[in-house]
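First to last, the protein sequences are chains A and B.
For the first sequence, the numbering used here gives the first residue as 1, with consecutive numbering after it.
For the second sequence, the numbering used here gives the first residue as 1, with consecutive numbering after it.
The set of hints was computed from the structure by calculation and includes no laboratory data.
A few of these clues could be false.
Below 30 Å or equal to it, Euclidean Cα-Cα: the simulated DSBU-like pairs (lysine-lysine) are [claimed, not checked]:
1. B/90 <-> A/70
2. A/111 <-> B/90
3. A/210 <-> B/90
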Amino acid sequence: MYALEIDKLSKTYASGVQALNGVSMQVKEGDFFALLGPNGAGKSTLIGIICSLVNASSGEARVFGISVQKNRSAAMGHIGLVPQELNFNQFEQPLNIVVNQAGYYGIPRRKALQRAERYLKQLDLWDKRHVFSRTLSGGMKRRLMIARAMVHEPRLLILDEPTAGVDIEIRRSMWKFIREINENGTTVILTTHYLEEAEQLCRNIAIIDKGDIIENTAMKALLAKLDYETFILDLREPLAVVPEVEGMHLALQDEITLEATLPRQKSLNKLFAHLDVCNIQVLSMRNKANRLEELFLGLVKKGNNP
Amino acid sequence: MSVQANVNWVGYQTIVIKEVTRILRIWGQTVVPPAISMSLYFVIFGNLIGKRIGEMGGYPYIQYIVPGLVMMSVIQSSYGNIVSSFFGAKFGKHIEEILISPLPSIIILLGYITGGVVRGLMVGTVVTVVALFFTDVQIYNYWITISVVLLTAIMFSLAGMVNAIFAQKFDDIAIVPTFILTPLTYLGGVFYSISLLPDFWRKVSAMNPILYMVNAFRYGMLGVSDVNIVHAYIIIILFVLALGGICLFLLHRGIGLRT
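Isolated chain A, as found in the complex:
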C-alpha cells in the first residue's frame, strides 16, 4: 500500500512559470521519506498540491489510494501538514489553535482537548497553552505547528522545513518526536535544508530540481554512489609536514587537524598504518561534511550542466 502516489503531476502558474513537469513518485506506507531540492525546485508546489492548497494543472495525487483531485475531503482526512511558513493565528492561544484544528477534522471538543494536552505536553508547550502564540519563541512556534498537525493523528505527516531556524537542542528533540511518530506507523515526508537531518532520519529519498525528479531511491543506495569520503583527524601533537599516502589525499586544516580524502573502497587501516609509521597519533576522527550534502550538490550541479 502506498501512502502517497504522484502520477504525472504538472503545475504551470498563471505567471507562466512551470513549477512541475509531470512528476511521478510513490511513498510506501510507514516510510520516512526525504524530499529534497534547491530553493524554487518545486517542493512546496508539490506539497501544496498534495494538501490541496495548490490546484494541479494536470496529473493526480493519491493519498492511501484516494485521489486528492477527485475526493478531496476523504484524502485530506489522512494528511497532517507542518508548513514552511508560520500559518497560525498569532493572536490565538496555542491550546485553542490545536483544539480548533482537531475540530476541523471532526474530533469532538472533549476528545480534542485530551489530544491537545497530550501533544502539547509531548512537545513541551503545555505550560504555554494560554499565552498569545505570537509571544512563543521560534522553536516553540515550530513545535506548535507539529502539535497542530498531529492532533487528528494523520496517517501521512508532511513536514516542510520543520526545523528551520531552530537551535540544535530543540532540533534533536523534534527529531526524536518525529522518529517516534514514524515508528508508531505514521508515514513521514520531510523536506529540509539540513541534509544531515534527512540522512539521519529518512530511509528513502527523492531529489527534485527545476520541476523534475532527478533521483528517487533508497537513502543507502544513494549514499553508496558517493565515490569519495573525507575524514577529519584530530592529532595529539602539531604536525609540520603532511605525510603522503598512495591513493589518498591528505591536507592540514590547522597544525593539529588533518583532513584525509580517500575512495570509499579504500580501507582506513592503510591510512592508520601509515600514520603509525610516521609516529602521528590520532585522538579522534569524524566525517568532514555531510555525505548527502556532497551527493546533493553533485546531482543538482549535473542537472544545471547537462
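Assemble chain B onto chain A, guided by the hints.
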C-alpha cells in the same frame, strides 16, 4: 450519522465557536462602537432634530428611524465581521488550517456566515436596547421582523465573504463598505420615507436593494413601509441565493484562496 457528516457537523461547530469567541473577545471593536454611534444618531437625529420634524409614517420621527438604525447596524456588522475575520485569516495564512482539512466548501461557508449573522443579531439587539432609552420600541409582526433581519444578516455576511475572498490587501476590504455599502444604506430609507422624494429620485431609490430590507424590517416593527413586503422578500431571497451561489463557486474553485 456518516463519518463525513459527523466531520462536517463538528467542523461547523468549531468554526462557529471560533467566530463567536472572537466576537466576544474583541467586544470593544465589535459591539461597543455601533452602540455608541447609534446612541449619537438617536440623540442628534431623534431627540434634537426629530422634535422639529414631527411625525413620519404616522409615528414620531425618533420611533420611525429605530428600524432603519437597527437594520443599518445589522448590515454593517454582519458584513464587517466576515470581511475582517475571513480576510484576516487569509492574510495571516491561517485560513490554510481549514483549507487543508476535510471540510467541504459549504461547511466553511456556513460556519463563517453563522459568525456574521451572530454578530449582526448581537449588535442589532444592543442597538434595540439603546433605542429603548430614547423611545418606545414596538413589534407589529414578530415573524416578519425576525425573518427580515435574519435574511438581511445572511445576505450581507455572504456579500462580506465575496469581498474577503477577492481582497488582496486591507484597502480592498475598506472600499466596498466606504464607497458602496454606506451610501446605499444612508440612501436606503433609514432616515426618511421615499414618499418625500421627487418622482425621479423615488424611482432611483427603488433600485437600491437596502431600501427593501429597511422597509420590510420597518413594516415588521411599525407596520408601515414604502415598498411592497412581498417584493422585499423576493429581492432579499434572490440576493441570498445569488450571493450564496457565488460564494460556493469561489470557495469550490479556490479562487483567491488556493493557488
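Open item on the list: Run the distance test for residue 111 of chain A versus residue 90 of chain B: straight-line Cα separation, threshold 30 Å.
Closed with: holds, 28 Å
Open item on the list: Would the hint linking residue 90 of chain B and residue 70 of chain A be met if the CA-CA limit is 30 Å?
Closed with: holds, 25 Å
Task: Straight-line alpha-carbon gap residue 210 of chain A to residue 90 of chain B, limit 30 Å - done: holds, 29 Å
When the structure is compared with the earlier hints, no violation turns up for any of them.
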